[in-house]
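Given the coordinates of chain H, assemble chains W, U and Y onto it according to the supplied hints.
Spelled out, the chains give:
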Amino acid sequence: MAFVLTEEQTMLRDMAKDFFTEQVPVANLRKLRDEESADGYDKDVWKQIVELGFAGILIPEEYGGTGFGPMGLGIVMKEAGRTLAASPLYSTAVLGAGLIMAAGSDEQKSALLPKIASGETLTALALEETNHHNPLNTAMAAEKSGDGFTLNGDKKFVIDGHIADTLIVVARTSGAAGDAQGLSMFLVDAKAEGVSVTRNHMVDSRNAASVSFANVSVRAEALLGSLGGANAELESSLDLARVCLAAEMLGGAETVFDTTLDYLKERKQFGVIIGTFQALKHRAAELFCEVEICQSVLLDALSALEERRNDTPRAASLAKARVGDALRLITNEGVQMHGGIGMTDAVDMGLFMKRARVQAQMLGDTNFHRTRYADLGGY
Amino acid sequence: MAFVLTEEQTMLRDMAKDFFTEQVPVANLRKLRDEESADGYDKDVWKQIVELGFAGILIPEEYGGTGFGPMGLGIVMKEAGRTLAASPLYSTAVLGAGLIMAAGSDEQKSALLPKIASGETLTALALEETNHHNPLNTAMAAEKSGDGFTLNGDKKFVIDGHIADTLIVVARTSGAAGDAQGLSMFLVDAKAEGVSVTRNHMVDSRNAASVSFANVSVRAEALLGSLGGANAELESSLDLARVCLAAEMLGGAETVFDTTLDYLKERKQFGVIIGTFQALKHRAAELFCEVEICQSVLLDALSALEERRNDTPRAASLAKARVGDALRLITNEGVQMHGGIGMTDAVDMGLFMKRARVQAQMLGDTNFHRTRYADLGGY
Amino acid sequence: MTALDSFREETRTWLEENCPASMRTPMPEREMPWGGRQAKYPNPDTKTWMDNMASRGWTAPTWPAEYGGGGLSKQENKVLQEELGRIKARPALTSFGLWMLGPALLEFASEEQKKKYLGEIIRGEIRWCQGYSEPGAGSDLAGLQTKAEDKGDHYLVNGQKVWTSYADQCDWIFCLVRTDTSVKHDGISFLLIDMDDAGVEARPIKLISGASPFCETFLTDVKVPKENLVGELNKGWTIAKRLLEHERSMISGMGMGAGAASMGGMEAVAKENFGAEGDKIADPSIRQAVADHKMDQQAFGLTLKRAEAEAKAGQGMGAAASMFKYYGTEVNKRRFELLLDLMGTQALGWEGEGFDKRELAVTRSWLRSKGNSIEGGTSEVQLNVIAKRVLGLPDA
Amino acid sequence: MTALDSFREETRTWLEENCPASMRTPMPEREMPWGGRQAKYPNPDTKTWMDNMASRGWTAPTWPAEYGGGGLSKQENKVLQEELGRIKARPALTSFGLWMLGPALLEFASEEQKKKYLGEIIRGEIRWCQGYSEPGAGSDLAGLQTKAEDKGDHYLVNGQKVWTSYADQCDWIFCLVRTDTSVKHDGISFLLIDMDDAGVEARPIKLISGASPFCETFLTDVKVPKENLVGELNKGWTIAKRLLEHERSMISGMGMGAGAASMGGMEAVAKENFGAEGDKIADPSIRQAVADHKMDQQAFGLTLKRAEAEAKAGQGMGAAASMFKYYGTEVNKRRFELLLDLMGTQALGWEGEGFDKRELAVTRSWLRSKGNSIEGGTSEVQLNVIAKRVLGLPDA
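In order, the protein sequence lines correspond to chains H, W, U and Y. Per this note's numbering, residue 1 is the first one in the first sequence, and the count goes up by one each step. Per this note's numbering, residue 1001 is the first one in the second sequence, and the count goes up by one each step. Per this note's numbering, residue 2001 is the first one in the third sequence, and the count goes up by one each step. Per this note's numbering, residue 3001 is the first one in the fourth sequence, and the count goes up by one each step.
Worth flagging that the hints you see were computed from the coordinates, not collected in a lab. The reader is advised that the hints may include incorrect statements.
Said to hold, decoys possible - Each computed PhoX-like pair below joins lysine-lysine, with the alpha-carbon atoms no more than 20 angstroms apart:
no., chain 1, residue 1, chain 2, residue 2
1, Y, Lys3388, H, Lys268
2, Y, Lys3088, Y, Lys3047
3, W, Lys1031, W, Lys1047
4, U, Lys2184, H, Lys268
5, W, Lys1265, U, Lys2116
Claimed, not checked - Facing chain W, a subset of chain U residues (Cβ under 10 angstroms, in silico):
no., residue
6, Gly2152
7, Arg2242
8, Thr2303
Unchecked claim - Computed beta-carbon distance windows for the label pairs:
no., chain 1, residue 1, chain 2, residue 2, range
9, H, Glu35, U, Glu2016, 48 to 56 angstroms
10, U, Ala2268, H, Ala139, 16 to 24 angstroms
11, W, Asp1179, H, Asp258, 55 to 63 angstroms
12, U, Glu2353, W, Gly1175, 51 to 59 angstroms
13, Y, Pro3042, H, Asp258, 50 to 58 angstroms
14, Y, Asp3395, W, Ala1346, 29 to 37 angstroms
15, U, Ala2268, Y, Glu3272, 34 to 42 angstroms
16, Y, Glu3351, W, Asn1215, 29 to 37 angstroms
17, U, Lys2074, H, Arg30, 47 to 55 angstroms
18, Y, Glu3272, H, Gln48, 56 to 64 angstroms
19, W, Ala1038, Y, Asp3180, 37 to 45 angstroms
20, H, Lys31, U, Pro2042, 29 to 37 angstroms
21, H, Asp44, Y, Gly3085, 22 to 30 angstroms
Just so you know, even glycine gets a beta-carbon here, dropped at the ideal spot from N, CA and C.
For reference, chain H alone in the conformation it holds in the complex (with noise of 0.2 angstroms):
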C-alpha cells in the first residue's frame, strides 16, 4: 500500500498545487461566475490543462495519455480541489476516459481518448434520474431498432452536461429499475437529433445540466461496453471518481483548514488572538485529526485502484463517505470560526461550502457509501 509518494508523484503533486495555484486560483471560478461564463470554465486554463498532460493522466501512452495511472490522477484532482478550480477534468480526465477505458472496444478507445488527451473532445455523464444518485434505479429506455436503439428519457446533474462534445448515456435495454441487469451504455453526439441540454446553474458556480433525450436514434456502434451488462463496467469507472472526487474534496478540506487557521492566528478581538482561546484550539486540533485521517483514507483508495485491489469499491465508499463527513464538519467551521466575515461573499469560506454540499450529491452522499460499506463488508 502506498502511503508515502515516490518521487516522481511528488513532482507531479508539485508541478500540480504551482500550476492551480498561481494560474487557476479561486479568484478564477469568482470571474467565470461574475462575468457569467456561458462556458463555466476557462478555455485558457483548460489547454493549460492539457498541456501539462493532465488530461490525458490515466490514458495510456499508446493513446496519447501520459498514463500516470489513479494515483496521479487524485494527485491531480486534490490540488485542483485546493482552488475549485472549474474545468472538464473530472467529467472528461476522470469520467470520461476511466468508462471508456474500462468498456470501450478497441475502435471506440483509438476514436475517443486520443481526442480526451489532446483535450479536443469534452465529455460527459448522463447517469442521474432522481434527487439521490443510484445506478441501478436508471429507469430511461433504450429500445433496439434497426442494428441500432432509440433513446428516450430524461437525465438530470449531468455535470458538464452543456459544454461535453459527447454524452455517456446510461440507459436500460431490459429489466426495470432497481434491476442490476438491463444496463447499458451508449456514446451520444451532443449535437444528435432530439438531445436537449439545459443548463442549470448550481449553487456552486460550477457546471451541471438536464439533458433530455427524444427518439434519440444512435448506431449499434454507439454501445459502450456489453449489452445489458454496464452496471459492472460503470461501477469500476464509478469508483475511479468517487476516489477522485474524494481527492478534490479533501484538496477543499485542506483549503478550508489552513485558510481558517490563518484567520485564527491572525484576527484580534478582546485584545487578544482569537487562537488563543482554548476552546477554538480544540476544534482546531480536531479539525486537524479529520484532515490527516481522511488523507489516509484517501491514499489508501487511491493505492487500491492502483494495484486493482478486490476490495477496491469498499475503499471508495470509505473514501467517499470519510472525507465528505470532515468536509461537511470543516466547511462548517471555516464559516463559523471567520465569523460574521465568514458570511460574507468576500471572503472563500462560503464558495467552499456550496462545493462541498454539491461534491456530497455527487456519486452518491454518506448515506449511501455507509450503506454500501456494510453491504460490501457482507453485513
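Just chains W, U and Y now, with coordinates in the frame of chain H:
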C-alpha cells in the same frame, strides 16, 4: 401544560429532596453493595419512604394512597435519582401501582393497592425476554387449563424480581411473538410452585432477577386486565414508568452535572482552576443546555400523563430518548472532566455512569423510542 | 358584558372596516411593510392598513397613548392579537424601530426624544437601522472604535459600522459610539444619527446566500446635534446590553419551523425522496435521522414555552436568552443540513431552470442559517456567557 | 542460502526445542509473564519459556548483547517475530521494564546502570512500575511535588505518587522527583527506587471497573543512593517526555480490535440482537451505526499504517503520537458504547449468574475504556499539544 410547579408540588419536591439527600445519600447504595445486601435495598429506608406517602403517591386516597398523581410521582423519582436511592419505588409504586390502577378489577385494586401504599406488598413486572425491550415480542405462554391458566417460560431483567411478593407477568394467551393481540397479564405469587427466581448482579448494584415459570398454575382471578388485550393497558402503564424513569435519570444527570461543575471550580492544574479553561467552560455550558432542555421535556411528559393527553405516548418516548441521550453525554463528560479520580470507585461518577446504562435499557433505549416517536408521528 | 368583551366587539368591527381584504392574505416578502422615507408600496393597501392601524396607535399597541401608542393593557393587547389572527391580518408595520429602538427609548430617552421619535416609529415614517458592530468589534462589541468628539453644540462622528441591517434603505441609525477612549465599557454612548446627514454612506455587503440585507456604514466627519444623545454620556453600554438581549431572543426564535415547512414538512420531503412504506419513511435510517431532529426541535420548542411560563410565574431560567440563542440557532443549522441531505440534488440550485421557487429558497435559507450562530453574539460568546453568568465558572 | 535464511532456520529449530507446548496456546490473563520477585507461575512452563528466551537475550531481541539483549538486527528481529507468530508463541515476558524503562536507560543511563538494570529486566528478575503522576499533578505532570533532598550520599525522598501500575506487585519504581523547587520543568530528576526500601508503601486504588491495576504509592523519608539517579540532576523532564511519547502510542494502540472481537465482531453481535436478513443486519439504522463505527476504525487503522510508512520513509507526520492517543482512545470509547447498545441487557452484568464470561468482560472493558482518554495525558492535553506544536496556535 404545567411547566411551573404548584405550591403543593414545590413542597413535595423540597420534602423529597431533603429526605433523599439526608437519609438516602449515595453512601446508602455503596453500603448495600459493599455489604452484599441480600435484599439490595434498605428496609428502614423503605419504611421511611412509605411513611412519607411515596409508596402510595399514585394511589387514590380511597385505597390508602396520597393521590398526588403522575406529576408528584415524577417529582419524587427525580429526587431519588439524584442520590441513586435504591428502593422498590420503581417496581412497586410506579409499575405495580400503575398497572393495577390501569388494568385491575375492583377486587384486585382493593386487595393490592392498600398493601402497596402501606409498603406491605412489593411487586415486580416480569416482562422482558430478550436483550432489548420489546413488549410485542413476548413469547412466554399462558395456556387455559380448567378455569385458570398454566404459565411456562423465562423472564429476565425483572427489576426487584427477587424481593417481590407479587409478580405481574406478561404472557401470551394467543397469537405469536410480534402480535399486538394475545397478550395478557397475570398476578402471580412469587412463592407459587414452579416459580424460580435468580437474582442477577448488575453493573449498577441495583436489583434485577431472572424468573422461570415451570407449569405454574394460576386461577382465573389472577388475570389482570382483559384476556389477550393487555397491550393497551400495559403500554399506558409503561409510558408512566418511562416518564418516571426519565425523571430518575434526569435527577442523576443533575447530580453529575452539579458535582462536575463543583470539581471544575476547585481542581487546580498548571497553577490555575481548571474551570478557567475555555474548552471545559464551553463543554460545561453545553451540558447545562442539555439539562435545561431535558427539564422541559420531562415536565411536558409528566403534564401529559397528569392531563391524560392524547399525545402522552409520544411525549413519553421523547422524554425517555432525549433524557437518555443527555444522560449518556453528561455521565461520560463527568468522568472525563474529573480525570483520573473520576475513574476511581472513591468518587461517585462511575456509579452514576453504571446506573445510566442500566436505565438506558429499561423499558426501551433511545433507538427504540426514536423509532416509536416516528411511528406515533405517522412517518 | 365585561369591558374586555366590549373591547373585543369594538375591535372586531373596526378591523372589519379598516383592514383591506388584500391585507388578509399571505404576505410576499416584497410587500413587507418596513415604512420609512424610501418605502415603496407595490400594493397600496399596505400603506392604507399601516395608516389605519397607526391612527389608533395599534402598530405599537402597548406603548403609552401620550406618545401615539395604543395604550392597551396586556389583556386588551391579547384580544387585539387574537382578533388580528382571526382574520389572518398581515402585520401593519415591521420595523426595527418598533422591535428594538422604541423599547429602549421608552426606558432611557428624555421626554423630548420620546415625543419626537416614538411617533415617527409608530406611524412608520422613519425606518431605523442599528449601528453596533464594527470590523474590529464583532464578538468583542465593546471594543468599538467609532469616535464621537465633543465639539460644543455637536458631536463629530468618525468611524465605520458593519452588519447594519438594510442601512441603504433606512433613514436613521441608532449607534454605539466611543465618547471616552480611556476606558472600555464606560466610554460608550448611544447616539441617533440622521442618515441624510453629510458624511454618512451605506454600502451593501454581499453575503454567501447572494442577498445583501446588511451594509457597511461609513461615518466621516458627521455632525450630530447633542440632543441626539440618548441616556447619559458614556452610559450607552447599559442600553446596548438591553437591546442585545432582545436581539438574541429574536434570533433564537428562528429555530422554529421555517424551511422544511415550505416543502410540506421534513417527513414529506423524506418520503418523497426515499419512498414510503404505508405512512412510514421507507428508509429506516433516514427515518431515525428525521425523528432525531424532530425530537430536538420539539424539545427546544417546549423549552421556549417553559421559559415563557416561568417568566409569567416570576421565575427566571437564568441567562435564558443566551441558551436559546445558542441552542436555537444550532438546531436551526442542523435542520437545514438535514433538509439538504434529504432533498439531494434538488437543494443544490442557485437560480434559473431545473429548480422550483421553494427549492431555491431552501438553498438560500440553508446558507443564511449559517449566520444565525454568528449574528447577535456568536455561539461561542453565548457559551462564554452561560459559563460565566449561570455556571459561575471563573475567568482565566 | 542468505545469512537471514540460515538465521531463520536456526531460530525455527531452537524455538521448536525451547518453546513448551502450553506456551503455544492462547494466554489467560492470570498466566501473563510479568516476572519479578513476587511472580507466581500457575503454569510452570511460563517460567521455563521466559528463562529460555532470556538466555538468548530474546526477551529484548534488539537490545545490545553486551547488556544481555539479543543484539539482533531489525531484519533478524523481524524473522524472530515471524517465527514466534508462526507457532503462536505467547510473549515470554511482559514488562514495563522492557517497554518503557529499558529504552530510556539505553539512551540516558550510565554504563554501570545499564549493566546492572538491563540484565535484570531482560531476565524478568525485577518488575518495574512508573512513578509519574501525583494527586495534584495529573495533566500538569511537571507540577509534581515529590521532593528528593540532597543528603550527601543519598537523596531523602518524600511525597506521594498515584496511578502507579501494579505497584503492589512490583519490585522497583522509576520516579520523577523534584530536586529543585525554584523552577518547574528544570527542577525534575529521574530516580530509581527499590520498593523494599523503608518508607515505600503501595495501596491499590479501586477503579470503577472493579479492578485495581493502579496504586497510590507513598514515599516517606525514603533514602535513595545517589547512584540511582539516571541522567543529569534536574534533567529528568527530558527522559520523562521521551517515555510519555512511548506511553501515548501504546495506549492509542488500544483503539484497535479488542472488545467486540471476543463477541465474534460487532456485526455478529448486531445480527444476534437485531436479527439478520440474508447476511445483512436486519435493522438498517443499527446497520448504519455499525458501518459508521467500522469506517472510523478502519480509517484510524489506515492512519496508523500510514504513520509507520512515513516513519520508514523518514517523513514525520508531526505530533503523530498526540493525534493517535486522542483519536484512538476516542474511537475505542465509542466502540464500547456501541457494543453496549447492541448487547442491551446482556452487557449490564457485574458478576454471577445470567451473564457469560465474555459478556462480563465487555462490561468491565467498557468501564476500563473510559480511562484511555485520561491516562497517559488526557484527550484535552493531546488537543493542547496538537494546537500548540503542530498548528502553532499561540498561548494566551
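Consistency of the hints with the structure:
For the given pair, Lys3388/Y sits about 18 angstroms from Lys268/H by alpha-carbon distance, which is consistent with the 20 angstroms threshold. With a C-alpha separation of about 17 angstroms, the suggested pair Lys3088/Y and Lys3047/Y falls inside the 20 angstroms cut-off, and the hint holds. A hinted pair counts as satisfied when its Cα atoms are at most 20 angstroms apart, and Lys1031/W with Lys1047/W qualifies at roughly 18 angstroms. About 16 angstroms separates the Cα atoms of Lys2184/U and Lys268/H, which keeps this hinted pair within 20 angstroms; it holds.
The straight-line distance between the Cα atoms of Lys1265/W and Lys2116/U is roughly 51 angstroms, outside the 20 angstroms bound, and the hint therefore fails. Annotation: Gly2152/U was flagged as interfacial toward chain W, and the flag is violated, the nearest CB pair being 46 angstroms apart, outside 10 angstroms. About 22 angstroms separates the beta-carbon of Arg2242/U from the nearest beta-carbon of chain W, more than 10 angstroms, and the hint is not met. For Thr2303/U, the interface hint holds, the least distance from its beta-carbon to any beta-carbon of chain W being 4 angstroms, beneath 10 angstroms.
The beta-carbon spacing between Glu35/H and Glu2016/U, approximately 55 angstroms, falls within the hinted interval of 48 to 56 angstroms. Remark: the range hint 16 to 24 angstroms for Ala2268/U to Ala139/H is upheld by a beta-carbon distance near 23 angstroms. Taken as a hint, the range 55 to 63 angstroms holds for the pair Asp1179/W and Asp258/H, whose Cβ atoms sit roughly 60 angstroms apart. Glu2353/U and Gly1175/W have their C-beta atoms about 56 angstroms apart, which keeps the hinted 51 to 59 angstroms range intact.
Look at Pro3042/Y against Asp258/H: about 57 angstroms separates their beta carbons, and that is inside 50 to 58 angstroms. About 34 angstroms separates the C-beta atoms of Asp3395/Y and Ala1346/W, a value consistent with the hinted range of 29 to 37 angstroms. The hint said 34 to 42 angstroms for the Cβ distance between Ala2268/U and Glu3272/Y, and at roughly 36 angstroms that hint holds. At about 31 angstroms, the CB distance of Glu3351/Y to Asn1215/W agrees with the hint of 29 to 37 angstroms.
Take Lys2074/U and Arg30/H: their Cβ atoms lie about 53 angstroms apart, and the range 47 to 55 angstroms holds. Hint check: Glu3272/Y to Gln48/H, Cβ distance near 58 angstroms, so the stated range 56 to 64 angstroms holds. Roughly 57 angstroms separates the CB atoms of Ala1038/W and Asp3180/Y, a value that falls outside the hinted 37 to 45 angstroms. Evaluation of the 29 to 37 angstroms hint for Lys31/H and Pro2042/U yields a pass: the beta carbon distance comes to about 35 angstroms.
Checked against the given bound of 22 to 30 angstroms, the beta carbons of Asp44/H and Gly3085/Y, roughly 59 angstroms apart, lie outside it.
When each numbered hint is compared with the structure, violations occur for hints 5, 6, 7, 19 and 21.
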